[in-house]
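Spelled out, the chains give:
Protein chains: 2
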Amino acid sequence: MFQKVSLRGLTTIIVILAVQNIFSQQRTIPFVSPEVHKDKTVTFRFRAPNAREVKLKSEMTAEPQTMTKDAGGVWSVTIGPVEPDIYPYCFVVDSVQVADPGNVLLFANERFKFSLVDIPGDQPLIHSMQNVPHGNISYRYYKSSTLGRTRTLVIYTPPGFDVNGKTKYPVLYLIHGGSDTEETWTKVGRANLIADNLIAQGKARPMIIVMPYGNVRPSPMQDFTKDVINDIIPFVEANYPVYTDSKNRAVAGFSVGGGQTLNIGLTNPDKFAYICSYAPYTATEEFRKNFTNWNPDASAMNRQIKLFTISVGTEDFLYESVKQNIAMFREKGLKPEENIVTGGHTWMNCKKYLAKTLQQIFKD
Amino acid sequence: MFQKVSLRGLTTIIVILAVQNIFSQQRTIPFVSPEVHKDKTVTFRFRAPNAREVKLKSEMTAEPQTMTKDAGGVWSVTIGPVEPDIYPYCFVVDSVQVADPGNVLLFANERFKFSLVDIPGDQPLIHSMQNVPHGNISYRYYKSSTLGRTRTLVIYTPPGFDVNGKTKYPVLYLIHGGSDTEETWTKVGRANLIADNLIAQGKARPMIIVMPYGNVRPSPMQDFTKDVINDIIPFVEANYPVYTDSKNRAVAGFSVGGGQTLNIGLTNPDKFAYICSYAPYTATEEFRKNFTNWNPDASAMNRQIKLFTISVGTEDFLYESVKQNIAMFREKGLKPEENIVTGGHTWMNCKKYLAKTLQQIFKD
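Here the protein sequences come in this chain order: A and B. Heads up: the first sequence runs through residues 1 to 364, numbered per the working numbering. Heads up: the second sequence runs through residues 365 to 728, numbered per the working numbering.
So here's chain A without its partners, still in its complex pose (with noise of 0.2 Å):
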């Protein structure tokens, strides 16, 4: 038998058809997983009758919850109520990391396979579907010079977007994080639909958002600040109506992407003047190159910075790292704006840290 579950936006809706297995060629009772209870606790369940244990490990609890089993064979464990977010999550089954299988939400990832549970809110959260107008998503091939391959790039366009209009369009390049894909700041991120409800209230400015793939291995991280500047930029310029000043022009990232952004932004201030880094990870030999002994025009990039912010949580790992790179650029003349809050080293944090941002850029 098929089990059809299907999870779309806010609401858990699952539904049985009886048609032949095909894959998996077996015959297994349905359940619910994960089950969004009105009181915002959550059940989730997982059939696995051979296991000898299995845990939820997730970013709702701050250690793995024991699951219990059940005569079928399914193990299952509710727990919160939960503060309304998006959070990973996955099974560890006798020590090996599952997702949820009949979850379509998935972590957009190189390294792990993570499921992703929406708990929404009493009202509609900043990145919660809302009857508001949509922008698109668009999955677009560019040829990278500097990398010598083609590669994907995802491209949010507001509502109303008319490639041939004569409306022009501030861009945001907006950089995932380590390990993460192309895809992450939008299907865990929810980039898109924060766009669209922050637009809609009229708090951000309609604007193209362009998320590249930030991994460029075997070539050194650097090569990705070159394909930023001698290939996206131009493709995007070439492809979409969109202003080419720096005032029109931002670069945002988290973790590994937040470095990049430190990179790719304060050595090429004349092209952008919002730099918008989020937790970022800068043990890196791009970072060591660009910032050890570093002399910078401080008033010039001063005047031609419009917004220079750094966002962390006070219990992500990187905090006191990110505590001394603020000092570092002050100490350099630059005047970095912190915007610390609660919480870790999390996509919960980086939805809070991008509407932030979406309100602050292209505003002057």
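If you're looking for bench data, these hints aren't it; they were derived computationally from the structure. Remember, it's a predicted structure, so these values are computed and weren't measured experimentally. Glycine included, C-beta positions come from ideal geometry on N, C-alpha and C. There could be a bad hint or two in this list.
[What the hints assert, rightly or not] Residues on chain A that point at chain B, a partial pick, calculated with CB under 10 Å:
no., residue
1, Pro49
2, Leu106
3, Ala108
4, Asp122
5, Ile126
6, Gly165
7, Asn192
8, Leu198
[To be verified] In the BS3-like style, the derived pairs of lysine-lysine whose C-alpha atoms are separated by at most 25 Å in a straight line are:
no., chain 1, residue 1, chain 2, residue 2
9, B, Lys590, A, Lys69
10, A, Lys55, B, Lys419
11, B, Lys611, A, Lys166
12, B, Lys653, B, Lys720
Given chain A's structure and the hints, the job is docking chain B onto it.
Chain B only, in chain A's frame:
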């Protein structure tokens, strides 16, 4: 430490960056999986030091393949040589099915989480990334008045597409299989690259391909037919420069979507001149209602329909059912063209069916 595994297009590239593994808080020795060798054998690897048994389950071999564990707790097996194609696979770890953690190529599905291995041909295959102009994949939201909710469409537009240009395009509505999603035709079926390649070769007309989400539960299946006719087609025709006559409209689909194709197409022959059904699953209430005691005006329909084709593989578990349906439609006076090939109920076959369809439609 992050392990950075990049699997992109035809090439498996792996490179390792030593940074902190933020999520799993554990250190592991990096390895590559899947590793496609030059002789088209493939090595699969999976870390599970505590597992009692790990097998490779895939559509490359009839039976799961036993994997063996090394001293580091990494299980591996090498299979093949394998015929070049894209195949689903997973690891079966003590009876639990697990996707390959470091492989970004995932089978888009609601019920299982499997990985994909892409084995390139000596010459580029029809679904391979080639050095040709590329179309664009967009994720669009539309409001379904039939279903009372906002839903997602994946839409392919061909190279050179201009939403406001003078060029109008024909439209193929292309439906996934049971438990698949609106992403399966691009993520697994590579519909966009197949179209890019055939258009570049002059074998297919530039067209728009609309890939809806065919699962409408908890609504009954026939509401999807209504959704296509009353919501999706009007949305496409309002937002894209397309021809609106039946000769410029095709419907195709696989498995459950192949059954939906017959329901949608044959009950609306004034709207679709091309009806292309791949290994249709027809044991549904909608099909029974539509085609039991059906008395079509066959000669009128045969004038309206330019191409009615049903594809199936001789090893498909639906082969006999499909043959019976072909006979039934012939009894009713219709002229279904048989496309009988080798192979089973697989996405390897889907790509072949689609490649044939794209060369047949919109040629009158």
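Structure-based check of all given hints:
{"no.": "1", "hint": "Pro49", "verdict": "holds, 7 Å"}
{"no.": "2", "hint": "Leu106", "verdict": "holds, 7 Å"}
{"no.": "3", "hint": "Ala108", "verdict": "holds, 8 Å"}
{"no.": "4", "hint": "Asp122", "verdict": "violated, 20 Å"}
{"no.": "5", "hint": "Ile126", "verdict": "violated, 17 Å"}
{"no.": "6", "hint": "Gly165", "verdict": "holds, 8 Å"}
{"no.": "7", "hint": "Asn192", "verdict": "holds, 8 Å"}
{"no.": "8", "hint": "Leu198", "verdict": "violated, 17 Å"}
{"no.": "9", "hint": "B:Lys590 x A:Lys69", "verdict": "violated, 42 Å"}
{"no.": "10", "hint": "A:Lys55 x B:Lys419", "verdict": "holds, 22 Å"}
{"no.": "11", "hint": "B:Lys611 x A:Lys166", "verdict": "violated, 34 Å"}
{"no.": "12", "hint": "B:Lys653 x B:Lys720", "verdict": "violated, 30 Å"}
Hints 4, 5, 8, 9, 11 and 12, counting from the list given before, are not met by this structure.
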